[in-house]
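Trainee: Residues per chain, in single letters:
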Amino acid sequence: SAVISQKPSRDICQRGTSLTIQCQVDSQVTMMFWYRQQPGQSLTLIATANQGSEATYESGFVIDKFPISRPNLTFSTLTVSNMSPEDSSIYLCSVEASGRFGEQFFGPGTRLTVL
Amino acid sequence: DAKTTQPTSMDCAEGRAANLPCNHSTISGNEYVYWYRQIHSQGPQYIIHGLKNNETNEMASLIITEDRKSSTLILPHATLRDTAVYYCIVRAAWEAGTALIFGKGTTLSVSS
Chain A
69 SAVISQKPSR DICQRGTSLT IQCQVDSQVT MMFWYRQQPG QSLTLIATAN
119 QGSEATYESG FVIDKFPISR PNLTFSTLTV SNMSPEDSSI YLCSVEASGR
169 FGEQFFGPGT RLTVL
Chain B
-16 DAKTTQPTSM DCAEGRAANL PCNHSTISGN EYVYWYRQIH SQGPQYIIHG
34 LKNNETNEMA SLIITEDRKS STLILPHATL RDTAVYYCIV RAAWEAGTAL
84 IFGKGTTLSV SS
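Chains A and B, in that order, are what the protein sequence lines are. Take any residue in the first sequence, count from 1 to its spot, add 68: that is its number in the working numbering. Once you know that position 76 of the second sequence is 59 in the working numbering, the rest is easy, because the numbers rise by one and skip nothing.
It cannot be assumed that every hint is accurate.
Claimed, not checked - DSS-like, lysine-lysine: derived pairs with alpha carbons at most 30 Å apart: (1) A/Lys75 - B/Lys(-14); (2) A/Lys133 - B/Lys87; (3) B/Lys52 - B/Lys(-14).
To be verified - Here are some of the chain A residues that sit facing chain B, going by a computed Cβ distance under 10 Å: (4) Thr98; (5) Arg138; (6) Phe169; (7) Gln172; (8) Gly175.
As the list claims (entries may be wrong) - Ranges of calculated distance between the beta carbons of each label pair, as one might list FRET restraints: (9) A/Ser149 - B/Arg(-1): 41 to 51 Å; (10) A/Gly84 - B/Ser94: 38 to 48 Å; (11) A/Ser77 - B/Asn2: 27 to 37 Å; (12) B/Ser94 - A/Glu122: 22 to 32 Å; (13) B/Gly(-2) - A/Pro139: 47 to 57 Å; (14) B/Ile22 - A/Asp94: 34 to 44 Å; (15) A/Ser152 - B/Gly(-2): 45 to 55 Å.
The hints are simulated quantities; they were obtained by calculation from the structure and are not laboratory data. By construction, the Cβ of each residue, glycine as well, lies at the ideal position given by its N, Cα and C atoms.
Produce the complete structure using the sequences and hints provided.
Mentor: If you want it as structure tokens, here you go:
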């Protein structure tokens, strides 16, 4: 299994500002995944972060808006830049369990409200 | 295109079995069926997965039809804490290391 922590757990931000979300895993993992969950909706994949290379973004998400860092095998950050109220969502990071194909573990999420 | 179809919502009485269906009529031979659930305000949680045989663990049972075009997740004795959104996901072995893609899922409401 993997234990994932995220910081902050929630935040209220003003439009036009940026917020960096941290994700820490208790074991080394190759891939880390970032998701967004808008109110009342399912999870949408933002990007996949591989240590040592640039993140791969899904359609509709761009690096300028959601820059991601992956400095080592246990840590990643997602920044939500130049925020607008439409960015109000829960942001979750996730990893695949080592040797357990298809079993992903998720962090508790960061609840972001943009005013 | 969605690989799975699930009912939007279901209700279940506490203590009764909850049977959650999932249709995956286009599933291919090397694709597994995974079930996750998301309790309110938490990240999704893995429940169970299977290829073609029925599976059981401490949380649930997974029944996959012989033609593999549909499956049912069974919570044998539902409790109020099982109220959650349940996601059925089809995934191929070659997709190891890639992210899960979530559909809309089924909202299960367990009431006393």
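Trainee: Does each hint fit the structure? Answer for all of them.
Mentor: Now the hints, each set against the structure:
Only pairs whose Cα atoms come within 30 Å are accepted, and A/Lys75 paired with B/Lys(-14) is rejected, the gap being roughly 33 Å. Between A/Lys133 and B/Lys87, the direct Cα distance comes to roughly 25 Å. Compliance with the 30 Å bound is thereby established for this hinted pair. With a C-alpha separation of about 11 Å, the suggested pair B/Lys52 and B/Lys(-14) falls inside the 30 Å cut-off, and the hint holds. For A/Thr98, the interface hint holds, since its Cβ comes within 10 Å of a Cβ in chain B; the closest pair sits about 7 Å apart.
With a least beta-carbon distance of about 14 Å to chain B, the hint placing A/Arg138 at the interface is violated under the 10 Å criterion. Interface hint status for A/Phe169: upheld, as the beta-carbon distance to the closest one in chain B is roughly 4 Å, under 10 Å. Annotation: interface hint on A/Gln172 holds; nearest CB of chain B at approximately 5 Å, less than 10 Å. The criterion of a C-beta within 10 Å of any C-beta in chain B is met by A/Gly175, whose closest approach is roughly 6 Å, and the hint holds.
With their beta carbons about 48 Å apart, A/Ser149 and B/Arg(-1) fall inside the hinted range of 41 to 51 Å. Taking the beta carbon of each, A/Gly84 and B/Ser94 are about 44 Å apart, inside 38 to 48 Å as hinted. Restraint check, A/Ser77 to B/Asn2: a C-beta distance of roughly 35 Å satisfies the suggested window 27 to 37 Å. A beta carbon spacing of about 48 Å between B/Ser94 and A/Glu122 contradicts the range 22 to 32 Å that was offered as a hint.
Hint check: B/Gly(-2) to A/Pro139, Cβ distance near 49 Å, so the stated range 47 to 57 Å holds. With their beta carbons about 21 Å apart, B/Ile22 and A/Asp94 fall outside the hinted range of 34 to 44 Å. Taking 45 to 55 Å as the suggested C-beta distance range, the pair A/Ser152 and B/Gly(-2) conforms, at roughly 46 Å.
Of the hints listed earlier, those the structure fails to meet are numbers 1, 5, 12 and 14, in rising order.
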